[in-house]
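Chains as they are written, first to last, in this note's numbering: chain Z, 88 to 446; chain Y, 88 to 446.
Treat the hints with care, as some may be off.
Claimed, not checked - DEER-style ranges, computed between Cβ atoms:
#, chain 1, residue 1, chain 2, residue 2, range
1, Z, G145, Y, N202, 54 to 62 angstroms
2, Y, R306, Z, G432, 37 to 45 angstroms
3, Y, N202, Z, A139, 55 to 63 angstroms
4, Z, R130, Y, H409, 44 to 52 angstroms
Unchecked claim - Output of the computed footprint for chain Z on chain Y, the stretches with three or more beta carbons under 8 angstroms from beta carbons of chain Z:
#, stretch
5, 177-186
6, 252-265
7, 334-344
Keep in mind that the hints were calculated from the coordinates and are not lab data.
Think of the CB as a built atom: it goes at the ideal place given N, C-alpha and C, for glycine as much as any other residue.
2 protein chains.
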Amino acid sequence: MGIVVILGSGVMGSALAAPLADNGHEVRLVGTHLDREIVEAIRATGMHPGLARTLPAGVRAYQLEDAGEAFAEAEIVVSAVNSVGVEWAGERLAELLRPGQLVLAIAKGVRTEDNGDLRILPDVLAGAVATELRERVGWGAIVGPSIAGEVAARRTSCVVFCGRDEAVVDRLAEAFRTGWYHVWTSLDFVGCEICAAAKNCYALGIGFAEGELEAQGERDSPDRAHDYEAALFAQSAVEIRRWAQLCGGDPATASWLPGVGDLYVTSTGGRNVRVGHLLGQGLSFIEAAARLGHPTLEGAAAIRVFGDALGRLTERGVVGEHELPLMRHLHEVVALERPLEMPWGRFLGGEPARQAARP
Amino acid sequence: MGIVVILGSGVMGSALAAPLADNGHEVRLVGTHLDREIVEAIRATGMHPGLARTLPAGVRAYQLEDAGEAFAEAEIVVSAVNSVGVEWAGERLAELLRPGQLVLAIAKGVRTEDNGDLRILPDVLAGAVATELRERVGWGAIVGPSIAGEVAARRTSCVVFCGRDEAVVDRLAEAFRTGWYHVWTSLDFVGCEICAAAKNCYALGIGFAEGELEAQGERDSPDRAHDYEAALFAQSAVEIRRWAQLCGGDPATASWLPGVGDLYVTSTGGRNVRVGHLLGQGLSFIEAAARLGHPTLEGAAAIRVFGDALGRLTERGVVGEHELPLMRHLHEVVALERPLEMPWGRFLGGEPARQAARP
């Protein structure tokens, strides 16, 4: 049993203390500069305010200035800063990491190169670390359906640890795997991470269904809009598969936990779905974000990145202009403030025109 | 615009009057011997009692003894009898069909041959018709996410019409396709039908999650069991893909509307999920079926068929004994009255043992 340090004391990082503590690891939770009050609360009460749950006995919380002490002797470092803070986290890791440590990243998102190519966040994180050190550290990430509150409550969760080095990924999986926190592994680092980032975009779209129903005055009808959601789910699954392939990953990764599994859980609720709900009601994205109090909307942020990349990849001829019609429309609605008008007929390779289908 | 006759006046068959009427077809709804009161109610009030909705103007309801009159001059015949009644429906079609008519089947399920091979229901239906007539009739089926009440309410639905003859499938799709009832087509008849039948089995399993939570006294916890559902969803998607392949279909069919799309919508509720919920609480299948008043449980019936087939296919060496672990356990719980104990570690090719994973 080793020492595991978690950088970032938000809900997901803190929830991971549960399987780690169950496996007998010493868990050190280091808050960022934004987490000072969380760290103080944990020190004072043992309870994580965001999770509204007492952390496992023995978890020690550190303020950022004590990160050096926390990182000492640690075998595993969890980078639990969200997608907005990945560059910041990379700079901290550049200072704090030591050769031989293993890094496990949990932020979901992507960055775009100037030519439209997408870059996965663990590579952005590692990119901030000097080459010599970077090559002496192991890099991996968690993907798959996993809600922080459920992990903290020790509910059954099935996730995938991914990376490029099998020994690293296996060791990380072994450190976390319990009888309720099930861990599979994948060496398709790019495919896994692209699925994780893209699913936040598509889950936002799932929210449109209920919102449109309300806009049509059908809020109280017993007949919901599950067919609409399911059609978007299927189209999303097809597009996530295509994104994985486009970025050099394995399209098959979209077919299990990292793809349809994570899309399913993200579609059950959360901020991405709520903003979609408001867009479905007819609000513009700016209005919807304001209504929710301008929280961090990772799905909307990812739509901007994927949508921008899609434009550039289409210009370069890497993607056909009729491909990925749902992501194109999500981008139109979220980034370009265009009205929601779902292009059903362009889905799934295109629904045949009625006349053209006549035998 | 032609004449379309629908045999079976249950909710799904009757709901299909909506897109047909929108396209200007004359719709004739023929009740089975079990549907007498439904037909009388429609004739008296224009309203379908199961849908609690007025049918489109011009839809005419017929009692079974007038089926001959209804079938005359019809271009398209919808077989809207449920999976239990497919053999009965086949016998009626054998008497009523005329050369040149097109049949569109909507029942979801499978039958097993003695050796464990599975047979799709449209083939069971067609098998009741004499060869000479059968070959002069076109055969197709509807798959994909489609809830009767939503179709009747003209909610956006995206479905797939499948069959072996492209001209037949295209003509059927053209007759039904509207601006809200979107129809794609597939010539993977076997894959589509296997997906449609298997998803009912797996949706039952999704219900376990909430039931187990309640059994653990966590009914009122804000932390649900969506991770559990999502893990089962992902495993189900993997197994549905394998079933399609095993039966000679295209595994890719599991990746869009007929597979993950239909699984998604079926997992949002309905009797299959409710019986799973009770099993999750700890009831035996017999107790759960009694609690629900012994309704037709198509998911449970399909689990018996797939599970029986799986045993025989495993004996023959067609399937490995570690394959399809979720279907095996669904069969144990539903058909063999064994306690629910989800074999997470056997999913997805097997979670590595903790020790074995050490590099």
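Earlier hints that do not hold, by number: 5
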